[in-house]
Amino acid sequence: MKFKNLRKACTVISFLLAAILITGTIIAGENATVINDALGAKSYEVVESGDGNVKLEDTIYFKSDFKTISEVQANSAKRMLEVVEEGTVLLKNENNALPLNKGAKISLVGVGAYDPVYGGTGSGGISATTQVNYEKSLTDAGFVLNPVLVNNYAPKDENGKAISAKNFEWGKYRRSSSGRYGTTKVLINEVPWNVFTEAAGDSIKEYGDAVIFVISRRGGEGYDLNGDCDGIDNHDGIGPDYLGLNQNELDTFNGLKAKKAAGEFKKLIVVINFSAMFEGEFLKDPAVDAAIWAGCPGGGNAVFGRIINGEVNPSGRLPDTMFTDNAKNPVNVNFGWWVYENAESLGVSTHVGTKNYPEVTLASYQVYQEGMYMGYRYTETRYEDVVLGTPKVGSYNYNDVVAYPFGHGLSYTTFDTSDVNVTKTGDREYEVSVKVTNTGSAAGKFSVPVYVSKPYNDYARKNGIQVPSVELVNFGKTGILAPGASETLKITLDEKFFASYDANEAKGYVLLGGDYYVAVGGSAHEAANNVLMAKSQNGVKIDTSKMVGTGDASKVKKFNIAYNRVKYQMSDAVSTIDGTRHIVTNLFDESDINRYSGRGNNHVDYYSRDNWEAVSLDQANGHATLLMTEQMAKEVYSQVPDQNGVYTGAPEVPTKYKQPLPTDNGTYPTMGAQHGLQLIDMMYDSEGNPISFFDPVWDQFLDQLTWEDLMDLCEHGQHLTRPVATVGKPGTKDENGPNGWTRMSYASSRNGNITSRANGLFYLYEKDAGHVKADDPNALDPEKIDANGTKSNTNAGFASNGVLSATFNQKLAYDVGNCLGNEGLWAGWSGIYGTGLNTHRSSYLGRTSEYFSECGTLAGLMGAEYSRGMEEKGVHMYNKHCALNELESCRHGIQVWLPEQALREIYLRAFELPIVKGGAFNTMASFSRFGTFSCAANTALAVDFLRNECGMRGIIVTDFYGDMNGNQNVDPYFEQVYGTYVGASDIPDGTTAGHFAKYETGYSKMAWAMRLAAKRLCYQTLWSNAMNGVSSTTRIVQITPWWQSLLTTLCWVFGVLAVACLGWTAAAYVLEFKKKKN
Amino acid sequence: MKDLFAGKKLGFYVTLALAVLAVITAFVYLGMYNGTNYMSRQAFFLLLAGAVLAVVLAFLGQGKFSPAVLFGAAVLALMFFVYYIYFFVSSVLTGIQYTVFPVEFVTCVVLFGLLLVGSIVNVFLPQVEEK
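Residue numbers (my numbering), protein chains in the order written: chain A, 1 to 1078; chain B, 1 to 131.
This is chain A alone, in the form it adopts within the complex (with noise of 0.2 Å):
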């Protein structure tokens, strides 16, 4: 007795602590490799079995451009300086002026400028270590600032350090936000007039050489830029506007325009740092003497000051076109997103997600009633329709609506270009010759776009082909041109962008026949009135006196082509479903409201030239309005077979929307067969040659998998691939993108022992040095390797894709490709989720900073070159978020209908181009829906558009996670199972762990629909630099991390211990029992 006390606490210690250690590594199991990531910790290590004379650099399949860490770092450094010399958008320069002479005082306002937007939020953060703020760069450039402003705005402490926002007075005025993630009320704030009067004082008439007004906005994932803000309410139908001045700006440019105009100062420039495009009737102001777009600018700030000074002669163009008010451009009104009002009584649910998703997923939509006239397609080709004189232009001042147009940009120099010649040079290529002269006193860099005028003949108008007035088609650009020097410059045309896509016809592209115009340099405004003054001299009537600006016709050339609708019915690309090249035919009719088969009595007047008096501003009640039909109901939940998900707004799908997976009775393809086959041995034949997607040898490779190694590979992502040992497939890492690495190091440094991906260059180079430890051939010392790479945030922190995309330069979008592709390659990360690709439709859109204009081929065009640089060093592309991924605030499950026209010709060739020419292995599928079907269940997407018209090699990465399926409070819309069923996505962006198990008999097509996606993910891994350093002799051993292993320890222990009070327990009641009893 005297120990029953202790034998009860024993007992319920053990039980207990034995009860919370096997839940807790049942939980921690199936969340292995999310804390794998976190600790660092290895599931498997890449062991070699041979004889050990295998040289290191015959195993280097992707090699780096650097022989050390330093030089990527420095090639970072001089990449990110690059794209914001190239990127910067001189937007207005009344009498030169700009640049100011270094040593000129400047009073430099805005909180912006000292607390500047660097990049994006969520996946569009960036490094921090490289950022200087505006008030840095102008004093690094020589410029001497106001202190008084300095102090006021940013005062630093004793040793120059920033001091925290919060505890300095005009801290409270900075850029903020209210609600939990930053995402609820974005507040713009700014130093109301009479404070900063009050502490300016004179200041400005001492440092009055100019006055710098930087202007900020941000954005970000999860939200978009039209929600509640502090900004001005104009009562234009936009409500409170975040992309306009808010009253504290107001009244500071107020205030500052009157103080020029009483000489306190001599020059006004205003600062739009913000990814995407600002209001800009302002800057039309005559009291601003100069304006710049800067986007962005990541880890490239340094330079503006450089561009103040002139020491860099800015030669960026607008990737978008700059509104004079939101308010006038169409797009904006179907910019949101609208619930059916009947979807209750098809007894779909409506409920609004809580919190931080306040989404309906399964009857909310979207219509791009715009179709093919958004940004420039719009304001140039209505402006040409007024000028032209077409009938129901309706009221349209272009002036009124275009601040500034798409491709505007100026220099401190001036170009003429010269010579401009079109020529025929093969079957559907064009070469552009133009020569570039700087007639100026400047050197610099010029830029020349090249656009297409097609002819709206009555065939488009019959077929409701939409033909805008211009279109970009390529571009080039020059060197640093000296003053006085030139450079012709060659710009190759694929004819195959003087294609319409004939969605009711000929259901395909056609070259609509009559006369084209080649419209060579110049903004898209520039390129419309050069293609008027062509068309005028080839007799078609204009009006001049409506043309805003002039027109040149000797920068535009013109070609007469006959109809044809067979030149380009086929596919570019060769499949990699069959290997075959496909017919280029109709696959969105289902995402088109008009052609939809489910339609009911829904009908959208998509905008066409043949009527601009259809184009509504109002923003209240202009969008389009659908209602839900009873096919979209069931589409909607076929989606969720399994119906594993939690529906808020029901208690579950509804009986007859009810649509399992159907069971078959066909075979199962083998699985667990002994080959010998490892992956290395798929990379080259016996001959040396590249082993095809299509060889049958794959089939004895996959013939070697198991079930469980099947659903292993099925259900794990979240920033990787999961290794398989019995065939030597490593795992892969892969990252965040698209604007540098989000989480970045080439190796860590935990007491005293270094984690690093066992194929990063580094880590393999450093082995390969002998800088390991003394006890453990495969642990590096930090004693002994190069400090750099255990540093962590080192990498680039690129700006935003806007801005590259000002460059016009697809060298440099190459270059910065590369560049982070050789920083991947050094850490072993073997793919980036990125680049984004989805388009500038609005500016409200939150996720500008990471996407690269509102033009299609523009974004195609860059995207392509940067993931061919990318993917040259083995780090696969990613390309997000695929597709019509353009709204933020209802990203989930919302129904994006457009005519088919539009989706091909700007929403898609913006992912098209990156994979046919680019070399693009991968996409990441979008939240959003084609219609009704989510963008990873999208067979026509998926399988139709990115595997056999562009022959994608890849995986579809889903970015489906809990949010999917309920956790997140928002109605489930899509289940992984049914993307790999349907064959449109193949890894989650998380775990699925257990969702395929149901499926291991009488679900033959499901068994091979995850064999498909095992052979892409293998295939992928093969050619990704994952395979560094693996040899024929190399083996894949997995492991148990350290941390499993202890849990598992625990367990036992504290069972076993348990187990034993237990039976102590259980003798002391059979002792007590046996003494009563005597």
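Just so you know, the hints here were simulated from the structure itself, not pulled from any lab data. Honestly, I wouldn't trust all of these hints.
Stated by the list, open to error - Simulated restraints, written as ranges between beta carbons of each label pair: (1) A:A1068 <-> B:I24: 48 to 58 Å; (2) A:K1075 <-> B:P102: 50 to 60 Å; (3) B:F27 <-> A:A673: 45 to 55 Å; (4) A:N1078 <-> B:F101: 52 to 62 Å; (5) B:S90 <-> A:N194: 45 to 55 Å; (6) B:I24 <-> A:N234: 24 to 34 Å; (7) B:P102 <-> A:V574: 49 to 59 Å; (8) B:V109 <-> A:K1075: 39 to 49 Å; (9) A:D605 <-> B:V106: 30 to 40 Å.
Said to hold, decoys possible - Taking lysine-lysine pairs in the DSS-like style, the calculated list, with each CA pair at most 30 Å apart, reads: (10) B:K64 <-> A:K67; (11) A:K733 <-> A:K42; (12) A:K496 <-> A:K462; (13) A:K1076 <-> B:K64; (14) B:K8 <-> A:K1075; (15) A:K4 <-> B:K8; (16) A:K105 <-> B:K9; (17) A:K1077 <-> B:K64; (18) A:K8 <-> B:K8; (19) A:K1074 <-> B:K64; (20) A:K257 <-> A:K205; (21) B:K9 <-> A:K1075.
For each residue, glycine too, the CB sits at the ideal point set by N, CA and C.
Add chain B to chain A, keeping to what the hints say.
Okay, now just chain B, sitting in the frame of chain A:
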């Protein structure tokens, strides 16, 4: 009826109170999470079974086993509760979902917690007068 309570000590009454608490916890949990991913039927039935068995044992003269039964049921039910709700907790902690834990979650955590603590204490309480 009076005989049923004859010779019973504090632990006996605590056992009854804990049994009631287990039933309350089970039905509150059911009421708040039924039809969701976070509902563990194992936890629900363990709580009910533990409560019923503990009471039956208590009135059948085997009350000394009741605390162990209640403790075992409380621990196992809590583990099932944790297992079924951990993803939700992680999504809150990692900032994917709610700003704060909602009242239903807090209520269940408090009830499960009280039950566990009470059942541990009860293990050390005398149930009947020692003869």
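Outcome of the hint check:
Look at A:A1068 against B:I24: about 32 Å separates their beta carbons, and that is not inside 48 to 58 Å. Taking 50 to 60 Å as the suggested C-beta distance range, the pair A:K1075 and B:P102 conforms, at roughly 53 Å. Distance hint check: the CB atoms of B:F27 and A:A673 are about 54 Å apart, consistent with the given range 45 to 55 Å. A C-beta distance of roughly 56 Å is found between A:N1078 and B:F101, which places it inside the suggested range of 52 to 62 Å.
Separation of B:S90 from A:N194 is about 48 Å and conforms to the stated range, judged on CB atoms against 45 to 55 Å. Restraint check, B:I24 to A:N234: a C-beta distance of roughly 57 Å breaks the suggested window 24 to 34 Å. A beta carbon spacing of about 53 Å between B:P102 and A:V574 agrees with the range 49 to 59 Å that was offered as a hint. For the pair B:V109 and A:K1075, the supplied restraint of 39 to 49 Å holds, since their beta-carbon distance comes to about 43 Å.
For A:D605 and B:V106, the Cβ-Cβ distance of about 52 Å falls outside the hinted range of 30 to 40 Å, so the restraint is violated. Simply put, B:K64 and A:K67 have alpha-carbon atoms about 75 Å apart, too far for the 30 Å limit, and the pair is violated. Taken as a hint, the A:K733 and A:K42 pair is honoured in the structure, with Cα atoms around 12 Å apart against an allowance of 30 Å. For the hint linking A:K496 to A:K462, the alpha-carbon distance of about 22 Å falls within 30 Å, and the restraint holds.
Between A:K1076 and B:K64, the direct Cα distance comes to roughly 15 Å. Compliance with the 30 Å bound is thereby established for this hinted pair. With a C-alpha separation of about 22 Å, the suggested pair B:K8 and A:K1075 falls inside the 30 Å cut-off, and the hint holds. A distance of roughly 20 Å separates the Cα atoms of A:K4 and B:K8; the hinted pair therefore holds under the 30 Å criterion. A threshold of 30 Å between alpha carbons decides the hint, and for A:K105 with B:K9 the separation of about 89 Å lies outside it, so the pair is violated.
With a C-alpha separation of about 17 Å, the suggested pairing of A:K1077 with B:K64 holds against the 30 Å cut-off. Under the criterion of a C-alpha separation no larger than 30 Å, the hint pairing A:K8 with B:K8 is consistent with the structure, at around 20 Å. Between A:K1074 and B:K64 the alpha-carbon distance is near 16 Å, which keeps this suggested pair within the 30 Å criterion. For the suggested pair A:K257 and A:K205, the alpha carbons sit about 13 Å apart, so the restraint of at most 30 Å is met.
Among the hinted pairs, B:K9 with A:K1075 is consistent with the structure: their alpha-carbon atoms are about 23 Å apart, no more than 30 Å.
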